[in-house]
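S.K.: Protein chains in written order, with my numbering: chain A, 1 to 359; chain B, 1 to 453.
Because the hints were derived from the structure by calculation, they are not lab data. Please note that the accuracy of each hint is not assured.
Pairs of lysine-lysine residues, derived as DSS-like cross-links and limited to a Cα-Cα distance of at most 25 Å, are as follows [to be verified]:
| # | chain 1 | residue 1 | chain 2 | residue 2 |
| --- | --- | --- | --- | --- |
| 1 | A | LYS171 | A | LYS38 |
| 2 | B | LYS199 | A | LYS31 |
| 3 | A | LYS31 | A | LYS304 |
| 4 | A | LYS260 | A | LYS38 |
| 5 | B | LYS199 | A | LYS260 |
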Amino acid sequence: MEASEAKSKKQGASRLCCLCNQRRPVLKRPKTLQQICKDCFYEVFEEEIHQVIVKNGLFKAGERVAIGASGGKDSTVLAYVLSELNRRHSYGLDLFLLSIDEGITGYRDDSLETVKRNELQYGLPLQILSYKDLYGWTMDDIVKMIGLKNNCTFCGVFRRQALDRGAALLKVDKLVTGHNADDIAETVLLNILRGDIARLSRCTSITTGEDGPIPRCKPFKYTYEKEIVMYAYFKKLDYFSTECIYSPNAYRGFAREFIKDLERLRPRAILDIIKSGEDFRIATTTKMPEQGTCERCGYISSQKWCKACVLLDGLNRGLPKMGIGRARGGVNGDHKKETKKPASAARSLESKQCGSLDF
Amino acid sequence: FDMACNSSGCESGGCYGREKENGCKVVDVKETVRLCVKCKSNEPMTFGDGGSDDGRFCAECFRSNVYGKFRLAVTSHAMITPSDNVLVAFSGGSSSRVALQFVHELQVKALKNYEASRDRSLPVFGVGVAFVDESAAYPSLSGGMSDAIELVRSTVLSLSPPEKDLHVVTIESVFGSESVEARDRLVKLLDSVSDETGKEDLLLHLKMLSLQKVASENGYNRLVVGSCTSRLASHVLTATVKGRGYSLSADIQHVDARWKVPIVLPLRDCVWQEITRLCHLDGFDSLKTVELARHPQSGINDLVSSFVALLQEENPSRECTIVRTAAKLTPFYFNKIPETDDSCVPMATQRRLKKFNLKYDGSMTTEAFCPICNGPLNGSDSSEDESDALYAACCSSCRFQILPQEPSSLDHFGSLLPHHMISQVKHHQKFDSQTYLREKIKDCLLLDDEEAV
Chain A
1 MEASEAKSKK
11 QGASRLCCLC
21 NQRRPVLKRP
31 KTLQQICKDC
41 FYEVFEEEIH
51 QVIVKNGLFK
61 AGERVAIGAS
71 GGKDSTVLAY
81 VLSELNRRHS
91 YGLDLFLLSI
101 DEGITGYRDD
111 SLETVKRNEL
121 QYGLPLQILS
131 YKDLYGWTMD
141 DIVKMIGLKN
151 NCTFCGVFRR
161 QALDRGAALL
171 KVDKLVTGHN
181 ADDIAETVLL
191 NILRGDIARL
201 SRCTSITTGE
211 DGPIPRCKPF
221 KYTYEKEIVM
231 YAYFKKLDYF
241 STECIYSPNA
251 YRGFAREFIK
261 DLERLRPRAI
271 LDIIKSGEDF
281 RIATTTKMPE
291 QGTCERCGYI
301 SSQKWCKACV
311 LLDGLNRGLP
321 KMGIGRARGG
331 VNGDHKKETK
341 KPASAARSLE
351 SKQCGSLDF
Chain B
1 FDMACNSSGC
11 ESGGCYGREK
21 ENGCKVVDVK
31 ETVRLCVKCK
41 SNEPMTFGDG
51 GSDDGRFCAE
61 CFRSNVYGKF
71 RLAVTSHAMI
81 TPSDNVLVAF
91 SGGSSSRVAL
101 QFVHELQVKA
111 LKNYEASRDR
121 SLPVFGVGVA
131 FVDESAAYPS
141 LSGGMSDAIE
151 LVRSTVLSLS
161 PPEKDLHVVT
171 IESVFGSESV
181 EARDRLVKLL
191 DSVSDETGKE
201 DLLLHLKMLS
211 LQKVASENGY
221 NRLVVGSCTS
231 RLASHVLTAT
241 VKGRGYSLSA
251 DIQHVDARWK
261 VPIVLPLRDC
271 VWQEITRLCH
281 LDGFDSLKTV
291 ELARHPQSGI
301 NDLVSSFVAL
311 LQEENPSREC
321 TIVRTAAKLT
331 PFYFNKIPET
341 DDSCVPMATQ
351 RRLKKFNLKY
361 DGSMTTEAFC
371 PICNGPLNGS
381 DSSEDESDAL
391 YAACCSSCRF
401 QILPQEPSSL
411 DHFGSLLPHH
421 MISQVKHHQK
431 FDSQTYLREK
441 IKDCLLLDDE
451 EAV
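Please model the complete structure; the sequences and the hints are all you need to start from.
M.R.: Okay, here's the thing in structure tokens:
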């Protein structure tokens, strides 16, 4: 290391960006604590994501790819960066925005406006699918009926299918979601705390559901939430930021707080958690349930009826407890367990705070 | 235990054992007279510590529950067999006090059986106690250290017959002596670790090394460590957040035979609440002053402890769930007692060990280990290009939090480490497959010239 570089590093608040050594640093990078300028930040941020995409073979040229777009910061930055990288590195992808309208007044209708603006800003065609059209129920209706317990279960199950249907409508080959490093680290911890070894073995996969209707991948797997916010802030990107009004599960909150404290002590710990998750010695003999199709709607299902149909049936019959917990009886009979959602398990679009979702 | 009825107003046909003599003594929540739910005859013990299960068991049943878990762990994992010589790591803390107590009681029972048997075929296992004085690393402890050691000594004395040797060693003994130089070297070593958590962890590794040294130098073949479920739950989380997911399953089993003297964890299935209650019950409170195990934690280890405490408040079985989840991870071949020369092991024991597959063939060493933490190395972690042998040999977690970040400081750091750690590091040339292969077939090569290949 050159003497001048070493000297300026030791002087704490360096006078120059430590990457380009030309411009004035304006931020401390959350992942590495390096003091860098705006342009270098954009560069490392985008380049790291590009490397993740390339090293993990996430896309093939000519693929039609739908971006799960909620209007939140993750999906907005994802749409922006992906279309930029697609151009810059000639991925050859046909990109689309896919948004799900769960019918939550004061929340979803606002964020949908953001996605509509994104469509214009980024020049990406947008498809919106609503629970109302697909299932005949909005989340507002559902919550009115069942209250605030288990509402997240309904939302998660419905969204998964909605995303797949939307993807089918758009005739895309792949779905990408904005799940970031913090989300995945949180999920690893939660699965340990809850004793779910099966999910623990799957939750760090960057691509899931290759054997299902539509594979999904997470290009932000190693991207820090704080850096996504920082990027959106500096780039002045348009996004909507509020939590789902139907109260997130308090349990994830524990893990979230812990990770925030951890990040303060040791920024790389978030990546270390993901690394641990990838390295856990878990026997790969967990039998996957046999994939069939739902008798009612034709969607992929390991039981007679898919989970969405079971839940819907319950709603329509005024029996909202059907399909929740270890419900017995019903179409799928006594052997129906908590649906072992196949690897193509849905991840909620943006409010990953939701509790009982498959993660 | 007796399967007695739980319903109120039962007829005698539903009860067993002593209830028949006394008439039906039922556990009826509505009545004011409450009885132990297990033996139904004694008054239940109330610890008043706000924990779960308070006031359900009498003192005897509570104790036998905990002791039962200990004994089950010992027998089902062949932790202690008649010909063994067992060293108990004693920190003065509650967990190791209970471990020591239980091992002593097991030994007393074995002695009783031995004296009662005609052929004296099963010898009584030996027990020793080791205490590590860490005041060189934590100067704040030095004030009370001699008193603490006295208390330890008197505790060990009280646990006889059978008599037990006490070995008090300083942490700097890992350097081969207990001199001022050794003490200084320890201080220098710790000072060269800039990460707080790394420093704490390095100290833990050194402590284990000193225990191993005492054990092997004094002829012990088992090291008993008092880690309970709660401690392991914290370890699961600290390992996860430090990127040690691969080696985690090695650390949390009942047996850890990576070491020269295999480590056994007989209290692995007991929770902290049980341990503290037992200490209270048996009057071990006096050792609270010797709670030197409670030296200040900072950094990540402390953050995780607080987090687990928070989770426990929200759900008292969280610690158990965490350890149960981690227990589903695949252990390593060395998480069983190793096969050794069995000539001194009684036939009956040999048969039982073979029958339940409790031992492994020691020649199956396929793992490489980090020289500092002794964690099994994940293949993907190794980098043969590394110019520094120590850096190349360590796991990624030790590289980050223990080794100095400046490559130029690595040599000096390596010189400060205890010989045992550094001796494993091979200062070899980059592996040359051609040379290696040639060595294997050279007796069949007709031409000396490599060009001919």
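S.K.: If you check each hint against the structure, which ones fail?
M.R.: 1, 3
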